[in-house]
Structures are given as C-alpha cells and as structure tokens.
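Model the full structure from these sequences, guided by the hints.
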Amino acid sequence: MSGQQSNLDKLFGLKGKKAVVTGSGRGIGQACALALARAGADVGLLARTQAQLDETASKIEAMGRKAVPLAADLTQVETLDGLAGKMNAELGGFDILVNNAGINIPQPSAEVTPDAWDQVMNINLRGAFFMAQAAGKIMIRAGKGGRIINMTSQTGSVALIRRAAYCASKAGMNLVTKVLALEWAEHQILVNAVAPTFVENEFTKKMFAEPAFREYALAKNLLGRFGTGDDVAGAVLYLASPAASLVTGHVLMVDAGWTAH
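The sequence shown finishes on residue 340 if you use our numbering, and the numbering steps up by one all the way, no holes.
Heads up, a few of these hints could be off.
As the list claims (entries may be wrong) - BS3-like cross-link-like pairs, simulated, lysine-lysine; straight-line CA separation at most 30 Å:
| # | residue 1 | residue 2 |
| --- | --- | --- |
| 1 | Lys89 | Lys284 |
| 2 | Lys216 | Lys257 |
| 3 | Lys284 | Lys299 |
| 4 | Lys299 | Lys223 |
| 5 | Lys223 | Lys138 |
| 6 | Lys299 | Lys216 |
| 7 | Lys145 | Lys89 |
| 8 | Lys257 | Lys165 |
| 9 | Lys145 | Lys165 |
| 10 | Lys299 | Lys257 |
| 11 | Lys138 | Lys285 |
| 12 | Lys94 | Lys223 |
| 13 | Lys223 | Lys285 |
| 14 | Lys216 | Lys285 |
| 15 | Lys223 | Lys257 |
| 16 | Lys94 | Lys165 |
| 17 | Lys284 | Lys138 |
| 18 | Lys285 | Lys257 |
| 19 | Lys94 | Lys257 |
| 20 | Lys285 | Lys89 |
| 21 | Lys223 | Lys165 |
| 22 | Lys89 | Lys299 |
| 23 | Lys138 | Lys165 |
| 24 | Lys299 | Lys285 |
These are computed hints drawn from the structure, not numbers from a lab. If you're wondering where the values come from, they're calculated on a predicted model, not measured in any experiment.
Here's what the structure looks like:
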C-alpha cells in the first residue's frame, strides 16, 4: 500500500466500525449505507420495508461487509431502545448512527391538517430524537465514543413554500443536534447534521415534474443542478470518519449554495 493510500485510509477509512442507518431501504439512506460499507464499516439497516432493506443488504454483503437488515416503524419510540440494543448485539458494536429516516407532506399552510403535521413530526423530529437517544445511551455505556449524524435539510435554516411542518421538524433537529453535541462531548460522542438541498430521486420525481416548482427549486441553487444520494453520502462519510474528529455540533450544508443568499 502506498503512503498516500495509507494516509487516506487513516483519514476516511472505517474498517472495524459498526454503523446503523435509518431509512436505508432506498434513496439517500441507501446511498449512505453503501458509502459507509465501501469505507469498511459493517452496517445495520432500519426502515419499514423488509424487501428494500434486503436489497441494500445484498449490495453491502457483495462488498464483503456484514449487513443486518431489520424492518421497523421508527415512530414507535418505545421500541427504539430494543432496536438499538439488537443492532448493537448483531453487529458487535455501535459506533455510528446515521439518523436519516424522514417524510415530507407538502401542503399550503392554510391546508395543513393536524394528522399531516403529526406524521411529519413523529418521524422527522420525535422519532429521530429518540433514535439518537437510544444510540447515545449505548455509546455512553460502551465508553468508546461515537458519531451521530442527523439528516436535516436546508429547510431547517431557510423557509420554503408548502413545507411548514417539514421546515419546523428540520429546524428542530438542527437544534437537537447542537444540544446533544453539548451534552455528550464529555463522552467523545460527536453529533452533527447534514442538511441537503433538493435531491432528485424516486421520491421527488413527481414534485419536479411540475415545471413551476422545478424552476422554484433551482432558483437559488448556485450550481444549477439538484443533488444526488451520493452527494449527501459523501458528507455523511466525512462526518463519520477520523477526518472529522474535531467537528461536533455542526450543520453541514450540502445545498449547492442555496443558503449563501
């Protein structure tokens, strides 16, 4: 191995690490899980749909890494301590949590229903906080430090139309990230967030098929293109890696310059 490659591995390698990624059956979550596996981590996979998790797991196993796919409803917060404990036992450790699971129900503010508001909050904020709590307790008991990476959004920092609940949930997670970073620094648990702009994938195809919204979504995008799952996964890999060992309480914008305005 060349010295240059060795230095890269020291900075960005995750050999021997154990990661759990929520919402990892497809989309951004799947891209993050695959990136962590490529860097050397074994990966626990959590989402609602077992078939999608099994597909992600097969790709990870093809790399020679261990994958543990487990279907679960992360809004059932009373189960999360048990889910995290099971992942810890199955993987033989719990070094990294990528708290990615989330939903969006776009509605004009005058038409937002209590049910839609609660659905968004229950997964994006309530479920994400208690998943971080469950992981953090395991990491604290283990005494080896760890990384928690929350998936927020540019909408946690700037307002977007038809997204009152979504913006509120992501802004909430930005501050949860900072609170956890403050409280858990003494345990060497680094807590950060990744805040993407609009990402083009199967979830957003219908949204971007509307010309007026597509134009709106690119209006402040300095690079003139939507993001990809790999764009987001690169930021997650950095925050999970030794290269980010002095970074905590940070919200990393992956937004093509949207929030630079």
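A quick look at each hint next to the structure:
1. For the proposed pair lysine 89 and lysine 284, the alpha carbon gap of about 38 Å is over 30 Å, so the pair is violated.
2. Restraint check: the Cα-Cα separation between lysine 216 and lysine 257 comes to about 17 Å, which is no more than 30 Å; the hinted pair holds.
3. Between lysine 284 and lysine 299 the alpha-carbon distance is near 19 Å, which keeps this suggested pair within the 30 Å criterion.
4. Between the alpha carbons of lysine 299 and lysine 223 the distance comes to roughly 42 Å, so the proposed pair goes past 30 Å and is violated.
5. Between lysine 223 and lysine 138, the direct Cα distance comes to roughly 29 Å. Compliance with the 30 Å bound is thereby established for this hinted pair.
6. Between lysine 299 and lysine 216 the alpha-carbon distance is near 40 Å, which puts this suggested pair outside the 30 Å criterion.
7. Only pairs whose Cα atoms come within 30 Å are accepted, and lysine 145 paired with lysine 89 is accepted, the gap being roughly 21 Å.
8. Under the criterion of a C-alpha separation no larger than 30 Å, the hint pairing lysine 257 with lysine 165 is consistent with the structure, at around 27 Å.
9. For the proposed pair lysine 145 and lysine 165, the alpha carbon gap of about 15 Å is at most 30 Å, so the pair holds.
10. The suggested pairing of lysine 299 with lysine 257 holds, with an alpha-carbon distance near 27 Å, which does not exceed 30 Å.
11. Between lysine 138 and lysine 285 the CA atoms are separated by roughly 27 Å; this keeps the pair inside 30 Å, and the hint holds.
12. With a CA separation close to 15 Å, the supplied pair lysine 94 and lysine 223 stays within the 30 Å bound.
13. Between lysine 223 and lysine 285 the CA atoms are separated by roughly 44 Å; this puts the pair beyond 30 Å, and the hint is violated.
14. At most 30 Å may separate the alpha-carbon atoms for a hinted pair to count; lysine 216 and lysine 285 exceed this at roughly 39 Å.
15. A C-alpha spacing of about 20 Å is found between lysine 223 and lysine 257, which places the hinted pair at or below 30 Å, so the restraint holds.
16. A distance of roughly 21 Å separates the Cα atoms of lysine 94 and lysine 165; the hinted pair therefore holds under the 30 Å criterion.
17. For the proposed pair lysine 284 and lysine 138, the alpha carbon gap of about 24 Å is at most 30 Å, so the pair holds.
18. A C-alpha spacing of about 34 Å is found between lysine 285 and lysine 257, which places the hinted pair above 30 Å, so the restraint is violated.
19. Simply put, lysine 94 and lysine 257 have alpha-carbon atoms about 28 Å apart, close enough for the 30 Å limit, and the pair holds.
20. Straight-line distance between C-alpha atoms of lysine 285 and lysine 89 comes to about 42 Å, which puts the hinted pair past the 30 Å bound.
21. The hinted pair formed by lysine 223 and lysine 165 meets the criterion: a straight-line CA distance of about 18 Å does not exceed 30 Å.
22. For the suggested pair lysine 89 and lysine 299, the alpha carbons sit about 37 Å apart, so the restraint of at most 30 Å is broken.
23. Between the alpha carbons of lysine 138 and lysine 165 the distance comes to roughly 22 Å, so the proposed pair stays at or under 30 Å and holds.
24. Proposed proximity of lysine 299 and lysine 285 is supported: the alpha carbons are some 21 Å apart, at most 30 Å.
The structure does not agree with the numbered hints 1, 4, 6, 13, 14, 18, 20, 22 stated previously, though it agrees with the rest.
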